[in-house]
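Going line by line, the protein sequences match chains A and B.
Residues in the first sequence are numbered from 600 upward in steps of one, following this note's numbering.
Residues in the second sequence are numbered from 197 upward in steps of one, following this note's numbering.
Incorrect hints may have been included.
[Said to hold, decoys possible] Dumping the calculated EDC-like pairs for lysine to aspartate or glutamate here, alpha-carbon to alpha-carbon at most 20 Å:
#, chain 1, residue 1, chain 2, residue 2
1, B, 396, A, 736
2, B, 544, A, 1065
3, A, 772, B, 316
4, A, 827, B, 392
[To be verified] Anything over 12 Å on all C-beta distances counts as not near chain A; from chain B, calculated:
#, residue
5, 238
6, 391
7, 500
Hints in this document: simulated from the structure, not taken from any laboratory.
Glycine is no exception: its CB is placed at the ideal position from the N, C-alpha and C atoms.
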Amino acid sequence: MNAPLRNDSATPVTDRVQRRTQVVAELSAVLPKHALLWHTEDTIPYECDGLTAYRQQPLVVALPETEAQVAAVLRTCHRLDVPVVPRGAGTGLSGGALPHRRGVTLSLAKFNKILSLDPHARTARVQCGVRNLAISEAAAPHRLYYAPDPSSQIACTIGGNVAENSGGVHCLKYGLTLHNVLRVKGFLADGEAVDIGSESLDAPGLDLLTVLVGSEGMLAVVTEVTVKLIPMPQEARCIMASFNDIRHAGDAVANVIAAGIIPAGLEMMDKPMTAAVESYVHAGYDLDAAAILLCESDGTPEEVDEEIARMVDVLRSSGANGIQVSENEAQRLKFWSGRKNAFPASGRISPDYMCMDSTIPRKRLADILIAIAQMEKKYGLRCVNVFHAGDGNLHPLILYDANDADQLRRCEQFGADILETSVALGGTVTGEHGVGVEKLMSMCVQFSANEREQMLGVKHAFDPKELLNPGKVIPTLARCAEGGKMHVHRGLLPFADIPRF
Amino acid sequence: MPDTDPALRRLVDQVKSAGTHAETLDIRGGNTKAFYGEKQQGAILDTTGLRGISVYEPTELVITARCGTPLAELEATLAERGQYLPFEPPHFAPGGGTVGGMVAAGLSGPSRAAVGSVRDFVLGATLLNGRGDVLSFGGQVMKNVAGYDVSRLLAGSMGALGVILEVSLKVLPMASASATVRFQIDEATALQRLNEWAGKPLPINASAWWSDTLVVRLRGAFAAVNAAIDALGGDLIEADLGPPFWQGLRDHTDEFFAHAGKAVDGGATLWRLSVPSTTPPLKLHGETLVEWGGAQRWLVSAQAAAQVREAVKLAGGHATIFLGKDKSAGVFAPLAPALMRIHRNLKKSFDPAGVFNPGRLYTGL
């Protein structure tokens, strides 16, 4: 079973040094000298990912340049029982790439080539280290693009996107990474090559892409990904609507969907978040509004006109007290600028913030906001909120000062409380950032012991020795018991004794 | 409480008993896809007792139903609220077919290339594994990356991993407009056009080519459909003729599949060829119907299985014996050894005693 994360820090230092000497010697046989880092000053940049609250020095960092070298590193580590932590751009927000104290961090940064782009077939075959946005940039001359657009898309890599099943602001209409990836090539923990999926629309046997995508580097090391490219919409326009009651904004989201409209993007910001971003980007947001909704339509110009008119009607009748429709691309981007800069804007109003990522049924948006407002009082910390409202994915940003140990502790409790409340409201602890190490305890709340055991069974089917990114995502029974977390029963839903619709 | 639901209790008891007595079970819903996959084996485990729609919230775009719910009932419930299953699962018998069977078989209809497959619309599932544990994965929300996505793995699993007890599906509102256009062109030209069109922002939702006729269904906003009719050219089919044609194609009751059924009786095989959409016409003997913008090709042929499989593999795809008397070549294309090992390990983990649908997907699973 996976070991609790930090208990191996008890390993005697000399033992670790000996192990490092051995691993370096063995890996030197399969990697060029410059592709191996082990001096502390060289490995420091790898000690954390985008979740900087958790840090760990890796034993060794390997930077292979060819697939044969990746396979050789894996074979060597497998033989020596050394854990391997794959790493892309290190932009992950849940500690998925946090190094293992006794393990090798396998950086795939050198795999940064677009291998082929076929505009006729609308596919791109790229190495895992290619940045998300670089794919769309390469496809742009053909009026095509890669749809999933996580906010880190300028830096994050497609390999990392596959590991996390990344989303973005357009998921409701265009899907997640899983829906936009056709084929993945890589290596199992023992170094054996695997080729999963295909360039046709399905592959024989069990659909292994479903578990591989979103497996946070625990099932295989992905080196090559074939993605779908889709036609760029001819036009996109955005509505900015303000509401003086957060409940009306929540209802508006449900009403848009109920009207049979699937917006290309549907985002919400609460009042404190709006204030923070407005002072940062000056987009002209309504500072008096309790909530702001951004609602986007894309398609042919005729289609967009038709849809925008319907959206405006619904938003008005849902109680919007201010509505602006973008009249050109510059204005549309300006509307979005605040939403896209929510994280840096929060960084300006607080020394640190912790970003949560739960998903709830859309209709519970107002409920969770009210619950979060109460938690602000309970934990004595401020929280600003942005939501992918269209798909119910929340990003509450809890503001704290990491230099104050008590604030960090309260912040962690605040975060766990939001996650548990989300599960109780019928949602999930992570919508798109992944479990990593950050939400291990919350997994005990969401899944029963048997469910976690079955997930570990999936892990073992790919990696029987548990060497790939061990200790992430699925907490052990012991760990859940230690944390004293109670599983919230979900399971087979009872027949609703409440009205069905 | 759901755990005390008598229909669920019966299923759990039967699975536990089979595990204890080293028996095998043939998971059965409507039994409308008995022809599909390898031979059915074992005592029947009837899922039709566990039925009913648990939750349907149109504004959440999610419906949750128990495995034995007739597909027709689920679709009628959605239709009342102007919603539907966009992937158009086939019905192989009137009124028959269950929600559990739909997910387990993983078959999608004409719109698949445009909207996605069954697995793309699965949001969560409750599974009864070989130990008799009732396990829930995924959920009822659009975005969920908590743990491995076991619920989507069940789509197309042919019952190999367990009994799908309940499933949550993403649904969508029906489009406001639809139209069908027709072209008289050969296969190579049709494939060329379909791939060109798919690279443009056109509301193409389904396509079918056979015997030098290409038909294309447009679906979307009125304005978009009207603009596309003008952009594509072709003959606009009368509005009342389009829907029955697409329904027949979806349910395999149209002329091509009726003919295929007779040919199969005479010893031929109906193959489902899944290939990259740009694959040129395959040089195989027999009748071909092309769907999914070129990515799915139905072939009625008496040609040797090995030749069919080889040609399709060379094109980067795989060939399934969809309907045929001779399944000696294996219904599903063989897997690479590394993948087969993962399949065996998964089977062992979900169903250690090998209770469920033995051999229905692959021998030894």
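Each hint, compared with the structure:
no.: 1; hint: B:396 - A:736; result: holds (17 Å)
no.: 2; hint: B:544 - A:1065; result: holds (17 Å)
no.: 3; hint: A:772 - B:316; result: holds (12 Å)
no.: 4; hint: A:827 - B:392; result: holds (15 Å)
no.: 5; hint: 238; result: holds (20 Å)
no.: 6; hint: 391; result: violated (5 Å)
no.: 7; hint: 500; result: holds (19 Å)
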